[in-house]
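Quick mapping for you: the protein sequence lines, in order, are chains A and B.
Using this note's numbering, read the first sequence as starting at 28 and increasing by one per residue.
Using this note's numbering, read the second sequence as starting at 1231 and increasing by one per residue.
You may find that some hints are simply not true.
[Stated by the list, open to error] Beyond 10 Å from chain A on every Cβ pair, some chain B residues (computed):
hint	residue
1	1236
2	1244
3	1257
4	1286
5	1303
6	1310
7	1312
8	1315
9	1342
[Unchecked claim] Below, in silico cross-link-like pairs of lysine to any residue (SDA-like), each with a Cα-Cα straight-line distance of 20 Å or less:
hint	chain 1	residue 1	chain 2	residue 2
10	B	1291	B	1314
11	B	1279	A	51
12	B	1279	A	123
Worth flagging that the hints you see were computed from the coordinates, not collected in a lab.
From the three backbone atoms N, C-alpha and C, an ideal C-beta is built for every residue, glycine too.
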Amino acid sequence: SQTIHQWPATLVQPVGSPLSLECTVEGTSNPNLYWYRQAAGRGLQLLFYSVGIGQISSEVPQNLSASRPQDRQFILSSKKLLLSDSGFYLCAWSLYAAEKLFFGSGTQLSVL
Amino acid sequence: AQSVTQPDIHITVSEGASLELRCNYSYGATPYLFWYVQSPGQGLQLLLKYFSGDTLVQGIKGFEAEFKRSQSSFNLRKPSVHWSDAAEYFCAVAYNYGQNFVFGPGTRLSVLP
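Please model the complete structure; the sequences and the hints are all you need to start from.
Set out below in structure tokens:
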């Protein structure tokens, strides 16, 4: 069966520090991968999606970046975190276009 | 641009009462529509989805939703709410041949005993 792993679960980082959140999917090949951010009391904002290795599409311009070095690995990064980067980050995958999303358990990021 | 609205930020119902959560979308073509539920501090779980065919779709946990093209709506319903249904509910639309999902802002459901 397919599973998605996302870590760390919680992270507290100072302003200006770098960020690396990792997401891996097991049990499937060539998934569509997504990074979402959920600010407190708000809905989900799509940050990045990827349909294959090295293929990254950005939905919102910001100081975050994403990479897909392997088929089932999706990394969210930042060189310098801002206070506004605080939020709940969710990784998700789908196997086929318009198929349902499977979400990871999320990372609560607090930038202080 | 594609958008999803959920007019109700917070709804409170008594256990055993019926529930309807509203969702409206803006999308030019036939949409793929979803409802997800999120418990505090957790990821999202799919309740149900609509791609085509019967406009009334059944989901897990006794939920159902009806697609109304004329109203651009996809409202979620449950005839009798249980205390365990208290959570955040998100409506979503998939576009760009399904590669992108747009989520509504969510509706928080509280259930009174």
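The hints, checked one at a time:
A beta-carbon of chain A comes within 10 Å of the beta-carbon of residue 1236 of chain B; the shortest separation is about 8 Å. Residue-level check passed: residue 1244 of chain B sits 24 Å from the nearest beta carbon of chain A, beyond 10 Å. Every Cβ of chain A is farther than 10 Å from the Cβ of residue 1257 of chain B; the closest lies at roughly 12 Å, confirming the non-interface assignment. With a closest Cβ-Cβ approach of about 18 Å to chain A, residue 1286 of chain B is found to remain outside the 10 Å limit, as its non-interface label requires.
For residue 1303 of chain B, the non-interface assignment is confirmed: its Cβ lies about 17 Å from the closest Cβ of chain A, beyond the 10 Å cut-off. The beta carbon of residue 1310 of chain B is kept farther than 10 Å from every beta carbon of chain A, the shortest such distance being approximately 25 Å. Even its closest Cβ contact with chain A, about 22 Å, leaves residue 1312 of chain B beyond 10 Å, as expected for a residue assigned away from the interface. Consistency note on residue 1315 of chain B: stated as away from chain A, and its beta-carbon is indeed over 10 Å from all of that chain's, at 19 Å minimum.
With a closest Cβ-Cβ approach of about 21 Å to chain A, residue 1342 of chain B is found to remain outside the 10 Å limit, as its non-interface label requires. Under the criterion of a C-alpha separation no larger than 20 Å, the hint pairing residue 1291 of chain B with residue 1314 of chain B is consistent with the structure, at around 10 Å. Distance check on the hinted pair: residue 1279 of chain B and residue 51 of chain A sit about 25 Å apart at the alpha-carbon level, beyond 20 Å; violated. For the proposed pair residue 1279 of chain B and residue 123 of chain A, the alpha carbon gap of about 14 Å is at most 20 Å, so the pair holds.
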